[in-house]
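Student: Sequence:
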Amino acid sequence: MKNCILFTTKHGSAEKAALSLKEILKAETDIINLKNVKNLDISDYDTVILGASIYIGKIQKLMRKFIRENLNELLKKNIALFIMAGQKEKAQETLYNAYPMELFDHAFAKEFFGYEMILENMNFLEKAATKAQGVTQSKSEIMHDAIEKMAHHINEL
226 MKNCILFTTK HGSAEKAALS LKEILKAETD IINLKNVKNL DISDYDTVIL GASIYIGKIQ
286 KLMRKFIREN LNELLKKNIA LFIMAGQKEK AQETLYNAYP MELFDHAFAK EFFGYEMILE
346 NMNFLEKAAT KAQGVTQSKS EIMHDAIEKM AHHINEL
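Just so it is clear: in the sequence shown, position 77 is 302 by my numbering, and no numbers are missing.
Don't read these hints as lab results, they were simulated from the structure.
Just so you know, even glycine gets a beta-carbon here, dropped at the ideal spot from N, CA and C.
Hints may be right or wrong, so weigh each one.
The calculated PhoX-like cross-link candidates involving lysine-lysine, where the alpha carbons are at most 20 angstroms apart (straight line), are [claimed, not checked]:
1) K364 / K290
2) K290 / K302
3) K283 / K260
4) K286 / K235
5) K302 / K283
6) K235 / K374
7) K356 / K302
8) K235 / K302
9) K352 / K364
For each label pair, taking beta carbons as the anchor points, the in silico distance ranges come out as [claimed, not checked]:
10) F333 / K356: 22 to 32 angstroms
11) I257 / K356: 30 to 40 angstroms
12) N258 / P325: 14 to 24 angstroms
13) D266 / A353: 40 to 50 angstroms
Take the sequences, apply the hints, and build the full model.
Tutor: If you want it as structure tokens, here you go:
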């Protein structure tokens, strides 16, 4: 069994979550930032884990493009999905809407991994918008229990 964690991230929180997940998976697992590869071949992987942060209500364009171009191949794999998003109260709805329905329905594991708001990593406009929401300090709310739950499902395959 060979796994691949594919992620996109704006400020690094999805990468942190992906690295945490990789640490507790039993099978060989590659971790790939989609920003760093072109023409990725996923045919050698049994399980593909897709993870992205939510930015302005959507997963990054690069992840959407990868899914669109590889949907048929993805639907032949064991699929797990995760998101990083700032609104816990809307997490399940956001997760449900983040990925194409066909892929979401096919996935055997789907998790909200929490969020981070690291002000130092934001540009001026992002900081202003974040502060307008009442956030004045950086914070990390990565949900390690959700990461462990997904790892457990993957390790059972």
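Student: Quick check: which numbered hints come out false for this structure?
Tutor: 1, 5, 6, 7, 8, 10
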